[in-house]
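Trainee: Kindly produce the complete structure, drawing on both the sequences and the hints.
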Amino acid sequence: MVITESLQIIDKPMDEKIVVRNKGGGCIVKHPPLFSSDGKYVYILCGWCVSAYSVQTGECAFQFQTESREELVSIATYGDQLCTVTASGKVMIWKSSTSGSRRQLKLALEDNFVVAKLFTVASENRARDFDFVVAVRRKDMKDLHLWLYSAKSGKAISNIYVCADDKPHSVSVCDQFVATIKHDRLTAIAFDRSIKKYSTLAGSDRLWNVIACAPEAKGLAAGDNTGRILFWPQPFFSQARAVFHWHTLPVLAITFSASGSYMYSGGGEGVMVRWNVEVSNVRNFLPRLPAPIVHLNVSPDNQHVAIATQDNGVQLADSQNRVTSVIQKMSWGLTPVEGTPLVPAGLVWDPLSRSIVLNGRPGHLQFFNTDDNKLLYNLDITGQNYLTQERHKDIINAEVTQVAVSHDGKWMVTVETRDDHEYFFETLLKFWQYKFNARQFSLNTCIQLPHQGQVNAVKFQPAGAFPDQYLLVTTGADCKFRTWVPSVSDSIHSEGLRWTCDSIGQYRTQPAHGAAFSADGSVLGVTFGPSLTLWDTETTQLITSLTRDNSTLRAIEFGTRECCHLVVTAGDSHLIVWNLLILRVAWSLPLGPSLLCSDPLSSHMAVFTPDSSVFVFSPSDPKPVYERHNLCSPGTSVLAAIFVPRSHVLADTSAPWCAHSQLHFIDSNQELQYLELESERDPEQSYGQSSSLVTPVTPFSILTARKSSSAVDRLQASRHEQFGTAGDTAVRKLLRNPAHTMPHIHLFCKSFMKSLSVSRETGNEKRQNDEEDPEEIQKMDVDEDSDASVKTSEPESPTKIYNRTSSNDINANGEEGRNSPKKGIKEVPSKTKQRRRSNKERKSPTKKNSFSFDDLDTDWLSLQDNR
1 MVITESLQII
11 DKPMDEKIVV
21 RNKGGGCIVK
31 HPPLFSSDGK
41 YVYILCGWCV
51 SAYSVQTGEC
61 AFQFQTESRE
71 ELVSIATYGD
81 QLCTVTASGK
91 VMIWKSSTSG
101 SRRQLKLALE
111 DNFVVAKLFT
121 VASENRARDF
131 DFVVAVRRKD
141 MKDLHLWLYS
151 AKSGKAISNI
161 YVCADDKPHS
171 VSVCDQFVAT
181 IKHDRLTAIA
191 FDRSIKKYST
201 LAGSDRLWNV
211 IACAPEAKGL
221 AAGDNTGRIL
231 FWPQPFFSQA
241 RAVFHWHTLP
251 VLAITFSASG
261 SYMYSGGGEG
271 VMVRWNVEVS
281 NVRNFLPRLP
291 APIVHLNVSP
301 DNQHVAIATQ
311 DNGVQLADSQ
321 NRVTSVIQKM
331 SWGLTPVEGT
341 PLVPAGLVWD
351 PLSRSIVLNG
361 RPGHLQFFNT
371 DDNKLLYNLD
381 ITGQNYLTQE
391 RHKDIINAEV
401 TQVAVSHDGK
411 WMVTVETRDD
421 HEYFFETLLK
431 FWQYKFNARQ
441 FSLNTCIQLP
451 HQGQVNAVKF
461 QPAGAFPDQY
471 LLVTTGADCK
481 FRTWVPSVSD
491 SIHSEGLRWT
501 CDSIGQYRTQ
511 PAHGAAFSAD
521 GSVLGVTFGP
531 SLTLWDTETT
541 QLITSLTRDN
551 STLRAIEFGT
561 RECCHLVVTA
571 GDSHLIVWNL
581 LILRVAWSLP
591 LGPSLLCSDP
601 LSSHMAVFTP
611 DSSVFVFSPS
621 DPKPVYERHN
631 LCSPGTSVLA
641 AIFVPRSHVL
651 ADTSAPWCAH
661 SQLHFIDSNQ
671 ELQYLELESE
681 RDPEQSYGQS
691 SSLVTPVTPF
701 SILTARKSSS
711 AVDRLQASRH
721 EQFGTAGDTA
731 VRKLLRNPAH
741 TMPHIHLFCK
751 SFMKSLSVSR
761 ETGNEKRQND
771 EEDPEEIQKM
781 DVDEDSDASV
791 KTSEPESPTK
801 IYNRTSSNDI
811 NANGEEGRNS
821 PKKGIKEVPS
831 KTKQRRRSNK
841 ERKSPTKKNS
851 FSFDDLDTDW
861 LSLQDNR
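Residue numbers (the UniProt record's numbering): 1 to 867.
Any given hint could be a false lead.
What the hints assert, rightly or not - Straight-line alpha carbon distances no greater than 25 Å define the calculated DSS-like cross-link-like pairs of lysine-lysine that follow:
# : residue 1 : residue 2
1 : K106      : K95
2 : K95       : K152
3 : K410      : K374
4 : K95       : K30
5 : K17       : K30
6 : K733      : K754
7 : K167      : K30
8 : K90       : K167
9 : K393      : K374
Quick caveat, the hints were computed from the structure, so don't treat them as lab data.
Mentor: Written out as structure tokens, the structure reads:
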């Protein structure tokens, strides 16, 4: 037995630099969405970039990108312009129409202070010496402090002596005052220092969650953790207030319409409520949103509402409370219980749609296309409504914990589980068949409790000698594995294929964890506790078992191609490679791996460690071909990984493991990233799409061409076209002769004037010629037996159609008979022939009108001699 252990792994230099790129994900709901001044676009802040999405289609029209790639912390509209600010106080003012930077300024901040939020003051009164209300905080504290800044100099004008919580909606600004909340205290301070500030408490052990100022200082609203919304029409001059109470969970977002007549609110119920400010009991609802609401915003024209939800999506609703479009890069999972995995199903490749299948919103799977970086669709697996949380109790929803797709993409298997550790454990094994007509998966078979307990792994057998035969293996907490095969249903209620259990296996009552098939599908490997067991897939008979120590083996992958005789297992503390030819350990490493995945197009594998390190290796060599430490940002870890096949193979590269596939992984921030060669990165394409090109993507718009043409005759506008001088040739001929030899003017005046005129056909004659052109006429054969059926034949040249005769159709005199045309070819009427003949004569070249002395009515030379 040869065991090679490396206690210290040294970084290995690469010829080509490999970098980490962001493929998808990223939080787009961390900051509130913002509408443009004209209401045509909605701005969404994500990292160092602001994307402008069309309200009509939900597609990205253009982007605002900072050159320094410094993360932006807040955005605001400044008239018809967009303001962005970084934590260091760098403000950039952009042109909304061209997405170009107009000017920059640096806010004068005190030491150890960073910018948290920025607000612009919209007011007609330019006598004020400030333009921005900036919320700053110390680097080591969370309380916010408000300052007034000038947009011209970037200097601080004055300090507003008030503190606020570091929450998304703890500060609100209008053109007359600013309002803040801190725990149970609400404070409103007017910009006019002569007006006394207003302050109140929530009371009764309540805490403020959100505050919002109505436009034009028409009121102030605040929501607490019990679901109440309090509204003050005039907070500085009257203590009167109205109570709006529908929410049972804490209110998370409040906004007003542009006129201030309506108020919108949302919370953990996933329902947007529209209130009439004048009458508190008049309200409208937009229910069944995919997740709790975190932000709300209304367009300046009151036509659209942007609803940001916790699943990392922005719903755009119209004035009738109908969702018109959805802005979403990747759906996020919700974890109400601490410690629940965010992506329990991992990352799975779908070859038909060339997309990664992973968890999305609760009970759903999302298909993310890696070529276009777009979310294709969400598939509802559980078929259940999302159960919202209660005030003092966590509600557990059914979640997809396992997923597998067959080698050809025609079958998909999912495992959904619901375990609240209090009542009955629920688990369902579902088989989905791909429907090419609907272009999505449809449920085929549903099996309750496939195992007595949790399902740990599901794997499809790879394509072998019979690609149309499918085999699935599942392992469970009942210390067993089961194989499933499709069979023809003999039930009178349903026809077609149905999946059933084919065999069951177990090994010494050890818990079953990982499972995998060999490259040819003939051997099944299952890990039972510390042992690796190998089974014959045809007979489900145990071939052998391999054990190294007492550490539990949780993952297994078979080698491919030149490494098909090797098996890699990942335990709690070691990475072990087994040689199946000699049934011994080839080599092992003390890594303590957390993830193990293999490349289906090469012999390479990747292993991840809990400290965010990745090692790419070949099972035949213990030295990794690539390794990288600190793959994720501090505080994050890798949750799942997969090798994604490339659409094209890299020919010349010093990193062969990157030639066929790209290594993708998702971290605890739910950001999908991948490793890529820096040299193959194309320059980023800027978004300069015109707003007129962003048309609604509807079934009708897909069928409609971008350019259309009509067969209706258009009235051509008359225009004067002249090339050279009219009658230039006639004038030259006239002046070429001596003047004393010229005849009298009345002798050549008529012909000379004709040469100066331009001959043209009338519009009607030209149109008639175009319509009756024999080259444009196609032959039509009419079935004489039936008047209703018309048959068309291939077009022939006019000579073949109208001059085709046979020898039997010619009489003795050499003339054609009356019935000379064959069956199926109609004789052209005489009028049509005459019309065609006239057209040909009309189209024959005519003599050009030009002046010549030969056209004179009288020989002027003889006249001169007579004189």
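Trainee: All the hints need checking, so say for each whether the structure fits it.
Mentor: Quick rundown of the hints versus the structure:
1. Restraint check for K106 and K95: satisfied, since their Cα atoms lie roughly 18 Å apart, inside the 25 Å limit.
2. With a C-alpha separation of about 17 Å, the suggested pair K95 and K152 falls inside the 25 Å cut-off, and the hint holds.
3. Between K410 and K374, the direct Cα distance comes to roughly 22 Å. Compliance with the 25 Å bound is thereby established for this hinted pair.
4. Between the alpha carbons of K95 and K30 the distance comes to roughly 24 Å, so the proposed pair stays at or under 25 Å and holds.
5. Among the hinted pairs, K17 with K30 is inconsistent with the structure: their alpha-carbon atoms are about 32 Å apart, more than 25 Å.
6. Distance restraint check for K733 and K754: the Cα-Cα separation of roughly 14 Å lies within the 25 Å cut-off, and the hinted pair is therefore satisfied.
7. This hinted pair checks out: K167 and K30 have alpha carbons roughly 11 Å apart, not beyond 25 Å.
8. With a CA separation close to 22 Å, the supplied pair K90 and K167 stays within the 25 Å bound.
9. Between K393 and K374 the alpha-carbon distance is near 36 Å, which puts this suggested pair outside the 25 Å criterion.
Of the hints listed earlier, those the structure fails to meet are numbers 5 and 9, in rising order.
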